[in-house]
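Chemist: Take a look at the letters that make up each chain.
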Amino acid sequence: MHPYQIYISGVGGQGIIKTSVIMGEAAMKKNLPVVVGEIHGMSQRGGEVSTQMKIGTSHSPLIEESNADLILAFEPLEALRGVNMVNKDTHVVMNTAPIYPFNISQSEHSYPDSSTILNELQSHAKKVITMDADEMAKKAGHILSMNMVMLGGAVAVTGFPLDKESIIKSMYDNLPERSIPINLKAFEEGFKFCMENL
Amino acid sequence: MNIKEILTGQEQDKLFLLGNEAAVRGALESGVSVATTYPGTPSSEIGNVLSVLAQDAGMYFEFSINEKVALEVAAAAAASGLRSFTFMKHVGVNVASDSLMSVAYTSVQGGMVILTADDPSMFSSQNEQDNRHYARLANIPLLEASSPQEVKDLMKYAYELSEEFQLPVILRTTTRVSHMRGVVELGPLAESKNKGHFEKDPHRFVPVPVTARIMHKNLVDKMDKIGVLSNNSSLNPIYNNNGNIGIVTSGSAFNYVMDVVEENDLPVNILKVTFSYPFPEKRVYEFLENVERVLVVEEVDPIMEKEIMAVVGKHQLKKTVHGKLDGTLPMIYEYNPDIIIQGLGKMMGVEIAAIKAAKTSFELPKRPPTLCPGCPHRAAYFEVKKAAENLKLNDLIFPTDIGCYTLGIESPYEVADYLLSMGSSIGTSCGFSKATDQTVVSFIGDSTFFHAGIPPLINAVHNKNKFVLVILDNRTTAMTGGQPHPGLPVDGMGLEAPELSIPDIVRASGVEFVEIINPLNVHKSSEIFEKALQFDKVAVVISQYPCMLIKTREEKGKNIILDVQDDKCTKCNTCIMELACPAIYTRDDGKIRIDPLMCRRCNVCVQTCPEKAIRAKRIDKAGEEG
Ligand code: SF4
Ligand code: SF4
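Residue numbers (this note's numbering), protein chains in the order written: chain W, 1 to 198; chain C, 1001 to 1626.
FYI, nobody ran anything at the bench for these hints, they're computed from the structure.
Glycine included, every Cβ here is placed at the ideal spot set by N, Cα and C.
Please note: incorrect hints may appear among the correct ones.
Claimed, not checked - Only pairs whose alpha carbons sit at most 27 Å apart, straight line, appear in this in silico BS3-like list of lysine-lysine:
1) W/30 / W/18
2) C/1356 / W/126
3) C/1225 / W/29
4) W/88 / W/185
5) W/138 / W/30
6) C/1282 / C/1386
7) W/30 / C/1014
8) W/138 / W/29
9) C/1617 / C/1568
10) W/138 / C/1591
11) C/1193 / W/164
12) W/127 / C/1366
13) W/126 / C/1359
14) C/1014 / W/18
15) C/1359 / W/88
16) C/1217 / W/169
17) W/138 / C/1617
18) C/1531 / C/1568
19) W/127 / C/1359
20) C/1222 / C/1200
21) C/1366 / W/29
22) C/1225 / C/1282
23) C/1282 / C/1319
24) C/1356 / W/88
25) C/1319 / W/127
26) C/1366 / W/18
27) C/1434 / C/1392
28) C/1004 / W/29
29) W/29 / W/18
30) C/1193 / C/1392
31) W/30 / C/1366
32) W/18 / C/1386
33) C/1571 / C/1591
34) W/169 / C/1193
35) C/1004 / C/1225
36) C/1195 / C/1217
What the hints assert, rightly or not - To spell it out: a stretch of chain W is covered by chain C in this simulated footprint if at least three of its residues, at any positions, have a beta carbon under 8 Å from a beta carbon of chain C; those stretches are:
37) 73-85
38) 104-112
39) 126-134
40) 149-163
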């Protein structure tokens, strides 16, 4: 099986690693081969975070350039940073809520405006689905459920190799029990939004 | 997954594990009795998991004061017949190396494994040294893992090998293996022995010249025998795909090679080297027989490449060896599949994959890590600089050390001028204070002070140096995720432990000026820094306030927000340009605002604002959500 390749990017503290663990364990329980590459370290202090995942036969989790099937971007600038992974068949699901680098006022390069980011991505990808996942998470009950909004969005994408039920089961295995209701709500919101906007 | 499943998981269960977690399972399946470390990325999660599981597993685990002690505790346990495991980041092995060289001579009784987590491309390190050299330096066996499953399986094999030959064995991972998550099929757990017994044998355990000469001979003899093993080991498999091109590879690079070769159906033969020292020369020789040209794919140094050239030279083979030395592959940094595609394409004279990657038409701003909002280090930096400014000192050198506070290198703090290694802040301060007339203020964290700061401090006092040492005591090893150290009342297994006092240690080292500050008290702290800067011997200021990551967990009083009063704020930008707390930002309309979600309510900005425009304000619960 040619692996399905997912690039997840964002900023430290957004729950990116948790999201990829939920996906990965769901794949494992379906007996699909799966590998994830994570970078730990300075991430907790506002740096960028990304994970790369391949579901299907492969040895390394690292995605070759222009080979991602799905970019799941928790932050717009970090979506754009992954543009080298994108090809004409790639789906991008992007949270539109920006997090400005702390030093942006002194930075040599400015934060691109939202239309520029969207245009750049659209010119290379098959489809870019944007949603204000922060807002949707707050509505679901807590900003920290934003990663589950994104996860819901990913599951809705055509070609995503795991079904909704197995992802939900994996959420139960990996999230604190008391956070489940809010996280499920957030997940469903993201799923529904993406389904309608595919 | 619950972390406890690493211990409770049954044979044949499958878990989705990080390479580091797989190492823990490997230790449990090997019946390890004693495990030690000093935390360091990319090896940290091994210790974090063990600190949770060790007690239930009936194993002893400690966060040692430094890697040398960690290795020594493990060596003594192994000398007493127990299986021991010590693990550290690559540069940690430098600290441990003095004893490592000797334990190769003295040999072990119970199995001993030393895991080194190397960091190609330096995701969180000061260098990318290739610790495969250590196996050669100490002359002990080395295994290299490519995946979490392999990490676990190699742990078990390493203990068997170690016990059979009574030598410590090094297991090398790299960041991409330590932090790779994959499916791991579990094996059975092994019982670990509770206590060992040390059988005295000075001829074996005390290397003095007469005994060491014999020990070295024994070591060389053993390694000859182990060389036969590595040459015939199933850990060094050959994947034949016809064709006259061969690739020799190891570790994480093996994964990239396999992906590229399989995906593009390339007619290339592959030799994977897992048992990589003693180098399997004979196996390489056999592999070379069927190929004309060979590409060596390894991270970081061209070690195998030179070994293979030696094989080619020794047997006068007509084979070409490609790799780092001829520029087919990059000399430094980690590899990835795209680098392999390029290198292999170059060597084969074909373009393997033609797609050109998309690029943005403009440069993107970077997102450098920074001190957390409310981090006590930020306040201390601000105060030191204020104190120096008040005293009109403008030629300062800031030797620094390893921890979150190294982020003081960033503008606007710029309080990191010189760094070599753990503890070097104090040793180099001694040098700067002798070599120059500049004012020296150096920074070291609490955990780093225990690790390697005490001997240089004693050196400083005894040799009559003059400098200010700031010990940034945030009550944890923050950078690696918050592990305990000897200054805390808890040990590596979460049990109560004697808490050592940093001020007492400093005083006992002969320092006459010792002051403790709360860095969140800006004015008082600045005054103390002024006094310290005027002291003409070593002056130590201990800046005590817990890391915000701990603080946040304990936090109460969430119904306070920090608020900028627009009528008082003159946009002097002190808070943005000098304090630079990431929670403070300039809104599009030019007004300065504080992000209530990021702000940790440390109150430092309130004290540093010259216009007194920032205040803490009580709000009701509902207001906070909005
Ligand atoms: S983790 Fe702690 S020590 Fe490190 S930057 Fe954040 S508050 Fe400071
Ligand atoms: S109180 Fe001020 S300095 Fe402290 S975290 Fe909040 S904004 Fe930053």
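Chemist: Each hint: holds or not?
Modeler: Against the structure, the hints come out as follows:
no. : hint            : verdict
1   : W/30 / W/18     : 19 Å, holds
2   : C/1356 / W/126  : 16 Å, holds
3   : C/1225 / W/29   : 43 Å, violated
4   : W/88 / W/185    : 32 Å, violated
5   : W/138 / W/30    : 32 Å, violated
6   : C/1282 / C/1386 : 66 Å, violated
7   : W/30 / C/1014   : 12 Å, holds
8   : W/138 / W/29    : 31 Å, violated
9   : C/1617 / C/1568 : 15 Å, holds
10  : W/138 / C/1591  : 26 Å, holds
11  : C/1193 / W/164  : 46 Å, violated
12  : W/127 / C/1366  : 26 Å, holds
13  : W/126 / C/1359  : 16 Å, holds
14  : C/1014 / W/18   : 19 Å, holds
15  : C/1359 / W/88   : 13 Å, holds
16  : C/1217 / W/169  : 59 Å, violated
17  : W/138 / C/1617  : 24 Å, holds
18  : C/1531 / C/1568 : 32 Å, violated
19  : W/127 / C/1359  : 17 Å, holds
20  : C/1222 / C/1200 : 22 Å, holds
21  : C/1366 / W/29   : 38 Å, violated
22  : C/1225 / C/1282 : 13 Å, holds
23  : C/1282 / C/1319 : 15 Å, holds
24  : C/1356 / W/88   : 12 Å, holds
25  : C/1319 / W/127  : 49 Å, violated
26  : C/1366 / W/18   : 24 Å, holds
27  : C/1434 / C/1392 : 22 Å, holds
28  : C/1004 / W/29   : 18 Å, holds
29  : W/29 / W/18     : 17 Å, holds
30  : C/1193 / C/1392 : 63 Å, violated
31  : W/30 / C/1366   : 38 Å, violated
32  : W/18 / C/1386   : 42 Å, violated
33  : C/1571 / C/1591 : 8 Å, holds
34  : W/169 / C/1193  : 39 Å, violated
35  : C/1004 / C/1225 : 40 Å, violated
36  : C/1195 / C/1217 : 31 Å, violated
37  : 73-85           : holds (count 7)
38  : 104-112         : holds (count 9)
39  : 126-134         : violated (count 0)
40  : 149-163         : violated (count 0)
Checked against the numbered hints above, the structure violates hints 3, 4, 5, 6, 8, 11, 16, 18, 21, 25, 30, 31, 32, 34, 35, 36, 39 and 40; every other hint is satisfied.
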